[in-house]
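Chains as they are written, first to last, in this note's numbering: chain C, 1 to 349; chain P, 1 to 415.
Calculated from the structure, these hints are not laboratory results. Model, not experiment: these values are computed from the prediction. One should not assume that every hint holds.
Unchecked claim - With a Cα cut of at most 30 angstroms, we get these calculated BS3-like pairs of lysine-lysine:
no.	chain 1	residue 1	chain 2	residue 2
1	P	Lys378	C	Lys219
2	C	Lys219	C	Lys45
3	C	Lys219	P	Lys407
4	C	Lys296	P	Lys346
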Amino acid sequence: MSIVSRMKKQTAPSTSGRPEADSSAPLLEVENLQVEFRTRDGVAKAVNGVTFTLEAGRTRAILGESGSGKSVTAQAIMGILDSPPGYVTGGAVRHRGVDMLKLNREQRRLMRGSTVAMIFQDALSALNPVFTVGFQLGEMFRVHRGMSRKDARTKAIELLDLVRIPGAAQRVDDYPHQFSGGMRQRVMIAMALALDPEILIADEPTTALDVTVQAQIMKLLAELQQERSMGLLLITHDMGVVADVADDISVMYAGRVVEQAPVSEIYDAPAHPYTKSLLESIPRVDLRGQELSVIKGLPPTLTAMPPGCSFAPRCYMAREKCGQEAPPAFDVAADRISRCHYWDEVHPA
Amino acid sequence: MSKKSAKDTPREENPPVDAAVVPDGTGDATGKDTGAASPAPDGAATEATAGDGAGTPAAGATVTETPRASEPVAPPVLDKGENVLEVRDLVKHFPITQGIVLRRKVGAVQAVDGINLDLRRGETLGIVGESGCGKSTLAKLLIGLERPTSGTIKVRGQDLTELRGGDLLAARRNIQMVFQDPYTSLNPRMTVGDLIGEPFEIHTDVVPRQGRRQRVQELLDLVGLNPDHINRYPHQFSGGQRQRIGIARALALEPEVLLCDEPVSALDVSIQAQVINLLEKLQDELGLSYLFIAHDLSVVRHIADKLGVMYLGRVVEYGNAEEIYEAPTHPYTQALLSAVPVPDPKLRGMRDEIVLEGDVPSPANPPSGCRFRTRCWKAEDVCAEETPLLQVRENSRHASACHFAQKRDVVHGSA
Ligand SMILES: Nc1ncnc2c1ncn2[C@@H]1O[C@H](COP(=O)(O)OP(=O)(O)OP(=O)(O)O)[C@@H](O)[C@H]1O
Ligand SMILES: Nc1ncnc2c1ncn2[C@@H]1O[C@H](COP(=O)(O)OP(=O)(O)O)[C@@H](O)[C@H]1O
Ligand code: SF4
Ligand code: SF4
Ligand SMILES: [Mg+2]
Ligand SMILES: [Mg+2]
Numbered sequence: 001m002s003i004v005s006r007m008k009k010q011t012a013p014s015t016s017g018r019p020e021a022d023s024s025a026p027l028l029e030v031e032n033l034q035v036e037f038r039t040r041d042g043v044a045k046a047v048n049g050v051t052f053t054l055e056a057g058r059t060r061a062i063l064g065e066s067g068s069g070k071s072v073t074a075q076a077i078m079g080i081l082d083s084p085p086g087y088v089t090g091g092a093v094r095h096r097g098v099d100m101l102k103l104n105r106e107q108r109r110l111m112r113g114s115t116v117a118m119i120f121q122d123a124l125s126a127l128n129p130v131f132t133v134g135f136q137l138g139e140m141f142r143v144h145r146g147m148s149r150k151d152a153r154t155k156a157i158e159l160l161d162l163v164r165i166p167g168a169a170q171r172v173d174d175y176p177h178q179f180s181g182g183m184r185q186r187v188m189i190a191m192a193l194a195l196d197p198e199i200l201i202a203d204e205p206t207t208a209l210d211v212t213v214q215a216q217i218m219k220l221l222a223e224l225q226q227e228r229s230m231g232l233l234l235i236t237h238d239m240g241v242v243a244d245v246a247d248d249i250s251v252m253y254a255g256r257v258v259e260q261a262p263v264s265e266i267y268d269a270p271a272h273p274y275t276k277s278l279l280e281s282i283p284r285v286d287l288r289g290q291e292l293s294v295i296k297g298l299p300p301t302l303t304a305m306p307p308g309c310s311f312a313p314r315c316y317m318a319r320e321k322c323g324q325e326a327p328p329a330f331d332v333a334a335d336r337i338s339r340c341h342y343w344d345e346v347h348p349a
Numbered sequence: 001m002s003k004k005s006a007k008d009t010p011r012e013e014n015p016p017v018d019a020a021v022v023p024d025g026t027g028d029a030t031g032k033d034t035g036a037a038s039p040a041p042d043g044a045a046t047e048a049t050a051g052d053g054a055g056t057p058a059a060g061a062t063v064t065e066t067p068r069a070s071e072p073v074a075p076p077v078l079d080k081g082e083n084v085l086e087v088r089d090l091v092k093h094f095p096i097t098q099g100i101v102l103r104r105k106v107g108a109v110q111a112v113d114g115i116n117l118d119l120r121r122g123e124t125l126g127i128v129g130e131s132g133c134g135k136s137t138l139a140k141l142l143i144g145l146e147r148p149t150s151g152t153i154k155v156r157g158q159d160l161t162e163l164r165g166g167d168l169l170a171a172r173r174n175i176q177m178v179f180q181d182p183y184t185s186l187n188p189r190m191t192v193g194d195l196i197g198e199p200f201e202i203h204t205d206v207v208p209r210q211g212r213r214q215r216v217q218e219l220l221d222l223v224g225l226n227p228d229h230i231n232r233y234p235h236q237f238s239g240g241q242r243q244r245i246g247i248a249r250a251l252a253l254e255p256e257v258l259l260c261d262e263p264v265s266a267l268d269v270s271i272q273a274q275v276i277n278l279l280e281k282l283q284d285e286l287g288l289s290y291l292f293i294a295h296d297l298s299v300v301r302h303i304a305d306k307l308g309v310m311y312l313g314r315v316v317e318y319g320n321a322e323e324i325y326e327a328p329t330h331p332y333t334q335a336l337l338s339a340v341p342v343p344d345p346k347l348r349g350m351r352d353e354i355v356l357e358g359d360v361p362s363p364a365n366p367p368s369g370c371r372f373r374t375r376c377w378k379a380e381d382v383c384a385e386e387t388p389l390l391q392v393r394e395n396s397r398h399a400s401a402c403h404f405a406q407k408r409d410v411v412h413g414s415a
């Protein structure tokens, strides 16, 4: 067992008045999550009915293009939504049966870092430039665990070591700008793991990194996840990364999960035209001269959503009904849904 | 997990090092390490095998000098196969200075250090490599935004580094750039018409004033935008549409060469394909040559005929793109390609993945000899002592700057 998890046993956070957790309930259960932004341009439903579960030791990918609601989903789960203008207007986010949305501010704060932790895309802006890396890591232990400065520093070195930063004892007093992009992302991971969370949300953790560094980071994440049996929620727009590491996938489009399934099923036989088109529009490093199919047009503006299916203006299969009726979540199979009226007509390429 | 760490990889058999091509030591009298830069004769050898045998050796010797008057004469159309762009021994060192009053040079960032490239008409040369390896500096040198420390850049046989004034301006017309970020590269206060037509203000002879509006509308149409939107501002367009505006602007002067620095990196996957297909269409219609810089190796595989892999300011592998993707011989290329995730869960864990240790060294203080040696699992003493030349090696038809170049398929699953 790691040092960090042993340490956690010493001082459990106070959970006064908090509902009892049910250890047989799923690790994380998001049900019909609704988030809206009230802006001058109108109300934007950034997340509109997201539902999924995440079990310990599993990886769920949330895939979608920019603006589809991935980060807002993560922020709502983490309890760090920018409010105002953002509001959770419905749904539940349960950790072992306890709806975190119903907890008070203090109970929620105590869960951040120790139950759910998050890694952000842009490590440089997530780290404070005026404090050393060691100080920022140590702060987790001083604030949450009441450790002395000296002990916290020792923990910080252990964490840097854990994320395989060479010469951790020397680097602990460096400032973020003295680290390379890949190393800063490791520091972010160290910080997220400090309080030994059960759920780790990684929001585009490698998007800003080179492919060889991305490989290092993904490998590190996968190892740490296995070691600690964390549930990993991986937010990405990269279908290659998903194929490499995820067990399950939720494909988001304009605030909705349009298709959700175990990874292998989606790639083999997508059951939504959007997923299928995406798969056909990405070039592959291992294939020569494929035709790239194009998804015409642009995603809709959230404040001016088309009636019916939100993908209809771009869908090669769209029919009259699509412009009138929003497709519900059809059960394609156990563990598998599609929001397309004609899901059974979507065939693999 | 079946991922192999670089260190576990079994050593491959070393081909004999050809003593004739090993440079003498690590640098010349000026302190500039010219090892990786094949001098012109070697450049010719490189090029001869870099393509698929279609062309003749390119360097120096056979260039036809087109004498250029400063009046705008339409340049003669080159046959496919002739070089529109030739880069020889290109070097850019940014001085590192110290002191405020008396600025002393204390070192140099070797951003580009001896690069040779050839680009033929209608051809796409992909340039890949990690952040900081010198891709954008190379593009800036070619477009004239930076002055080279040394080396030559020939466009249709004319050396841009020697031209001045009107001649330079005229020659520059032929090589234009599409930038990475469609959000910041367009002036928000200018209309689309002004943006695309701006090059005509500098090169006033290209289109007569009264014909410019119509020409801009033709360009909008060419890149798939509505010609009626000529009076709109950039913020009224999406990222993909803005990139089309950037392309239309680059095409205004009817260049033969388009430098694309990460042209689709800022775009969403569903929009990327639109822009890639547009670039391919324009190449077919206009016979354009592309220098396509990108860190996305899948996109480059899709679009490039020829490939140059850069590491710390140098090209380490160069030649036919298909050949390099299928059988890279330089360890760095192998590591780079093996790290690209393939969107097929059936292949998970089956790739011959090489995970590199450590970071790229600083270009202000690069390792001696082979610059990749600090991260290379095949490195031997000779790698620190002798700079491997970029040249064709045994068993492979394309050029590789590795003493121990050896083919290895890394992008396909090993069944
Ligand atoms: N004006 C400058 N002064 C000093 N150093 C510079 C300058 N411009 C670039 N460099 C350095 O030259 C090296 C190459 O930079 P360049 O921008 O060409 O990299 P790149 O390959 O385009 O990277 P990326 O993939 O991040 O765009 C880097 O180490 C960079 O810091
Ligand atoms: N603080 C905010 N204020 C207003 N709108 C927001 C805010 N944060 C996100 N949004 C909107 O919510 C939608 C989803 O955003 P996000 O979840 O960040 O997308 P992504 O899938 O790229 O992570 C977008 O339309 C975005 O503009
Ligand atoms: S419901 Fe209609 S428009 Fe929507 S994805 Fe299915 S076929 Fe396309
Ligand atoms: S020459 Fe460079 S790449 Fe080749 S084996 Fe030596 S260190 Fe590695
Ligand atoms: Mg996001
Ligand atoms: Mg660059």
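Here is how each hint holds up against the structure:
1. Proximity of P/Lys378 to C/Lys219 is assessed by CA-CA distance (about 22 angstroms); at most 30 angstroms being required, the pair is judged to hold.
2. Of the supplied pair hints, the one linking C/Lys219 and C/Lys45 is violated, its CA atoms being roughly 35 angstroms apart against a limit of 30 angstroms.
3. A distance of roughly 25 angstroms separates the Cα atoms of C/Lys219 and P/Lys407; the hinted pair therefore holds under the 30 angstroms criterion.
4. A threshold of 30 angstroms between alpha carbons decides the hint, and for C/Lys296 with P/Lys346 the separation of about 29 angstroms falls inside it, so the pair holds.
Checked against the numbered hints listed earlier, the structure breaks hint 2 alone; every other hint is satisfied.
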